[in-house]
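Protein sequence lines, in the order shown, are assigned to chains D and B.
Numbered according to the working numbering, the first sequence spans residues 1 to 152.
Numbered according to the working numbering, the second sequence spans residues 1001 to 1199.
If you're looking for bench data, these hints aren't it; they were derived computationally from the structure.
It should be emphasised that the depicted structure is a prediction, and the values quoted were computed from it without experimental measurement.
Even for Gly, the Cβ is constructed at its ideal location relative to N, Cα and C.
Hints should not be assumed to be uniformly reliable.
[Unchecked claim] Among chain D residues calculated to face chain B with C-beta under 7 Å, some are:
1. Asn48
2. Val52
3. Phe144
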Amino acid sequence: MNFRTVTLSLVMALACAGAACADGAIGQVKTAKGGNVFVQHAADPKQNELKVGAHVSQSDVIITGPGSSVGITFTDNSMMSLGPNSKLVLKQYSFNPTTREGEFNSFLAKGTLAAKSGQMVVQKPEAMKIQTPTAQLGVKGTEFVVHVDGEG
Amino acid sequence: MSARAVAILGAGLLLAGCASRDLVVILPPEPGHQVGGVVVHPNKGPDVLLDKAYASDHPGDSHVGMETAESVDKQFHDVIEARPIPPKTYNPLYFKSDSFTELSPESDAYLRQILTEFSARVAAKQAVEIVVTGHADKTSTPSHKLELSQQRADAIKARIKGQGVDESAIQTVARGQLDATGPDGQPFDKDRYVEITVR
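Using the sequences provided together with the hints, build the complete structure.
Now the structure itself:
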């Protein structure tokens, strides 16, 4: 391997690091049940079905209907799952896998959420924040569940 | 029941009456792990720190309550069942000095075992993503070691690709000497490794 290819591969590795590889993907759907799991992209009001293996991006809105649930693992190894009749907005996400620094802000508008923090919280407590209609939750490294009554 | 317990119970009921019905509950940690906690910053009222398994809060009532395994299962059964399989980081794979091609014999055998697990997960149609992180010791310059750690990660990625895992699902990270624990300028076996995480 010559110097140029090495430099190129390092540059590409860093480019990937900035916003995770596949087209700004920040996480991947690992579980989906019940058939009523949808994603709504930022500038597009249309709801698309969300299946296992699909990637999610910053500003996506994840919606589950009756009898449905979904589980997503993010690039810093944090995890979130939604129970039935829930709505979660992935407001802002950044993670650098080399330094393990990042920020993750989401908004649970209604329903139930289970969340587990990942690498960015090890680097900086409360780097992961979950907003609800009544509070902001700063995650210092743990697994927890949230229920929000809101109409969303 | 003592007068004090009744008073506390009464105060709890009063607080519950005026708080939101939203609820936050800490789940028990995996064996061998500790609860780091969640800070609840309510829109109104003081912050509350939840740092024990089953500690709970209705945001706004500034009172740490306790749920039980049963009450959590009753309220959160579906969402808990929907959780992904937790990411798993395997033990390090060690390389020979200054090499990015040759694993130690033990690590080579271990890698083959890991690859069998990946094949099984792909066959079970799980959405598997793999992160391969390369590390190096402190025998030469940080830039050379960053490059070497990238080459180590790339070499392991090449071996994982053969197991039916889509190439786009394998990410490499070069940590160079960032996690090295050995002395400067000396070869250190434990710092020449690649770590594989599957999520």
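Verification of the supplied hints:
no.: 1; hint: Asn48; in the structure: 17 Å, violated
no.: 2; hint: Val52; in the structure: 5 Å, holds
no.: 3; hint: Phe144; in the structure: 5 Å, holds
Comparing the model with each numbered hint stated earlier shows that hint 1 is the single one that does not hold.
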